[in-house]
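Bring the two chains, given one by one in their own frames, into a single complex with the hints.
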Amino acid sequence: MRKVTKVYPGGHVALEHVSLRVDRGEFVFLVGPTGCGKTTLIKTLIRELQPTEGEVLIAGRDISSLSDKKVPQLRRRIGTVFQDYKLLPSRNVYDNVAYALQVIGTSRSEIRRKVPDALRLVGLADKVKNFPDQLSGGEQQRLSVARAFVNHPPLLLADEPTGNLDPNTSIGIMQVLYRINRTGTTVVVVTHDREMVDKMRRRVIALDQGRVVRDQAAGTYTADDESTREFAARLRDEMGVDDERPSY
Amino acid sequence: MGRVFFFIGEGLRALRRSAAPGLASIVTVGVTVLLVGVLIPILQATNGKNNDVRDEVGLRVFLSDVSSTGQPLPAGNIGEQAAPAQVNELRSELQAIPHVKTVSFVSKDQAKQILSQRFETENREDITAQLPGHRNPLPASFNVTPDDLSNLSSVRAAITPPGANGQPSPISPLIGDIGESRDDAKTITTVSSAIRISLIVISILLAIVSLLLVANTIRLSIYARRREVEVMRLVGATNWFIRWPFMVEGLVCGLIGALVAIGLLFLGKVVVLDPLKHSFQWIASGHTMGFMPLALVLLFGAMAISAMGSGFTLRRFLRI
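If you read the sequences in order, they're chains A and B. Heads up: the first sequence runs through residues 1 to 248, numbered per the working numbering. Heads up: the second sequence runs through residues 249 to 568, numbered per the working numbering.
Isolated chain B (complex conformation) (with noise of 0.2 Å):
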């Protein structure tokens, strides 16, 4: 026991005695610790949105409007709602489909409501204002989401089987259109993987960066105390007990360091993030880790570095 004492206060000596090193290698742990804890969020975030999308991907059928007689119209041609009758008609056909997991279906009215919505929270009412009242450009759809995304492309051909002539005809002559957000979800797939990749470097870089510098520092120790780790030779200390204070040295910057960059991201959580929950939803989306297993990751990650920085250079400094 007396020997652990007399390491923390043999490392904490040397801190005091060569302040500046120490301090510089403080903040370069304190920086990275901030940064990457600002980045894990952020990389949680992504990834957990990016699953959202790929769980919304699916097929939008669109139909077509019908004139007064029940007629399909050309697709551009604003008409009537078809009769619910041949709604629910092709509502089975759908279902009916291998791989199918859900039908929807958003009729005309929805639609323009869904629309309207999307606008009022934008405060742009002025746009859906325009709509003719009587007349909704708008068509009902359904919303068909398959059991597996991989199935998408089998279920898209189940509803435009190839016609007569080769081409891809819709089993009903009700469809209009078919959407997919499978698109949408390849853009939104692929900004966030590179947004996570690049996160990935720059939090690996980070680490290295702030592991060198530990490094340097203890380095620096070692040539300012050179004098008293001959001494600890001559007298025959053993390499370990020479090894130790260092350690300890290194430790401490990297627990200060981490501590330091843990106090202000609480402030940061507080003070920015917390108010901002209600009016970004992603932030309170729940896909980020809560705050104290953050900041004992970031901790011990930290001291797990400044303690490699501190042996490394040790192993090399150090021969005896």
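Just chain A, same shape as in the assembly (with noise of 0.2 Å):
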């Protein structure tokens, strides 16, 4: 992003020349307080929202410059995971994720294929009949992360992925984001959740009032060859969740 400035209809000035850079492959965390202008950011990546000044570019292109016909197509390239998981009561697990795909024309065949897969990553290849008022919040919350993921996007970002989690549903859901991470996409998480945060010990850009007021590495940068079993167990030694569940 490139001195990007959101200001809203009534003079509300979401974000204020925000630059910031964000690598392929790398795991970001965005934080800051309520109203700080996060959502704004993630809503400019996704062409939901125009920048009133500046660039967005992704992967060198200005995607504020793209036409709407083109916009669609952006999206099928960006995973997006919401705090209010946005999934389709009236369709059960399988649906849902195939959802995701039946609308950019694939083929059945490859729905097949993918679907499954995805579950699989997120640890609910057990439950593909079911429907989402049959699962509990984190499992709706890793429904939601396959449909996002099976697509195999190069970005995805989570806006407030474990708001409404408690502590261990929540290392389960970043322990699957670090697991889609480490397949080589970009995540950028967007989270209050300053505990969790510090123990990922990954990048944290911190906005107030619109602005990046910190971009660092949080505690010191783990390698990257830890194994999302080692990672969910050395977050939970560190925020002191006992109870040990199935890692994914």
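Honestly, the hints are just simulated from the structure, not real lab data. Given the structure is predicted, the values throughout are model-derived calculations rather than measurements. You can take every hint at face value.
A partial selection of chain B residues facing chain A, derived with a Cβ cut-off under 7 Å:
1. E476
2. V479
3. M480
Subject to a maximum C-alpha distance of 20 Å in a straight line, what follows is the list of computed EDC-like cross-link-like pairs (lysine to aspartate or glutamate):
4. A:K43 <-> B:E478
5. A:K3 <-> A:D23
6. A:K129 <-> A:D95
7. B:K356 <-> B:D425
8. A:K70 <-> B:E478
9. A:K3 <-> A:D208
10. B:K360 <-> B:D425
11. A:K43 <-> A:D208
12. A:K69 <-> B:E478
13. B:K356 <-> B:E373
14. A:K86 <-> B:E478
15. A:K86 <-> A:D133
Just so it is clear, CB atoms sit at the ideal spot from N, CA and C, and this is done for glycine as well.
As structure tokens, then:
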């Protein structure tokens, strides 16, 4: 992002001269108090919002100059996860994930191959027939991660993915995101869970009143070869969460 | 092909899930098609009748009765019919007038016969029975039709050119009176065009109402499925991909509504109209189109209106 400013109608400045660069394969946290502009920043990344000033470049291309017709193509290359999951209550687990592929015109055979893979990645392979209201909060969020990742996008954005979840379940979600990041996908996580951010030891960008006030690695960067199991175990240990759950 | 099934599946799924608004628009489309289906034949029949009347417009030249000596009697006096020679002479004179297409003679006896027949069909033979047998009060007449309705006045003027005193005087002393069916035609034309205009206005209003109701159904459907639409947008569905299921939903509403209405129209035709054909001449007059073409017009009309209703709403409410 280069000097991105977003002013809402009415004069509220949500982002002010925000410049930042996220490299391919990075795992980045975006933190800050409520109303600091985190969600606005995510929305400008998926062209839900156009910046008032500045450039948003993804893979070297300014997306604010994209024609409306090209926006769907952009969104197909970005997975998004939200705090409220945005699942379709009338479809079961399998169909929720398959839906993301159906709407972009994926063939049936490819859908049959990709959906079980994505569900296995998030640990929901045994719940394909369940409906969202039959899943726990953590499971629903994992389902939403599976839907975001099923198309193997190069960039995955998660807006408060652990906002409604207890610490142990949050670790499970982070573990899934970490695993996705290890496949080479760039992951940007918006959160205000400071403790989680500190323990993850990844790059943290802090926003306050629409400005970047900090951009640095939290704690020390850990080696990238840490396995997801080791990663989860370390997190639980450091956060003092005892309950060991099956890792995904 | 897979996509087509996906759109149809999604459209039907939406209809199943939001049955109430769907049903409302099916009923509206149905009622509209039903009314329009009744109005179209009525319109055509009035139009046809109108043309028939225009074709029949002409002059009726009434002949005065003559006395036993062959002298024309003043109007109102009953005498004998003029002699064939006199009648034929007048016929030739009338035929010689420019723009006259046909001249046909109706004798006193024929006039009486026509009147009797008319009363007979109305079961009022008692009226003709009161006519005195040997004294027929009905005058003989010539029906003169012009080649074109616009030439009627010139033909009339030729029959009664201005006389010495400037007043119109007939070309023959036999001519007692001239009647014009144009006044009747004018009344019929005025009434039937009033009917036609009101029927067209009603049809247009009905079409607008059903268009708006279909649009409203789609709006409710978009509202009910805003989450789905949001997810579709997030995962990169194109605008048209999002719109198609809603279009299918609108089209299905139109199709079902139209089919129900056409079924009812067919039932009405078989049960009510066909048995009445023998009693009412205008039903069988042949001015109206056949049932199949009518059904097709209604079906495609209803589907077009539904698709338009969906399209307008989608343009307004699905800004991606």
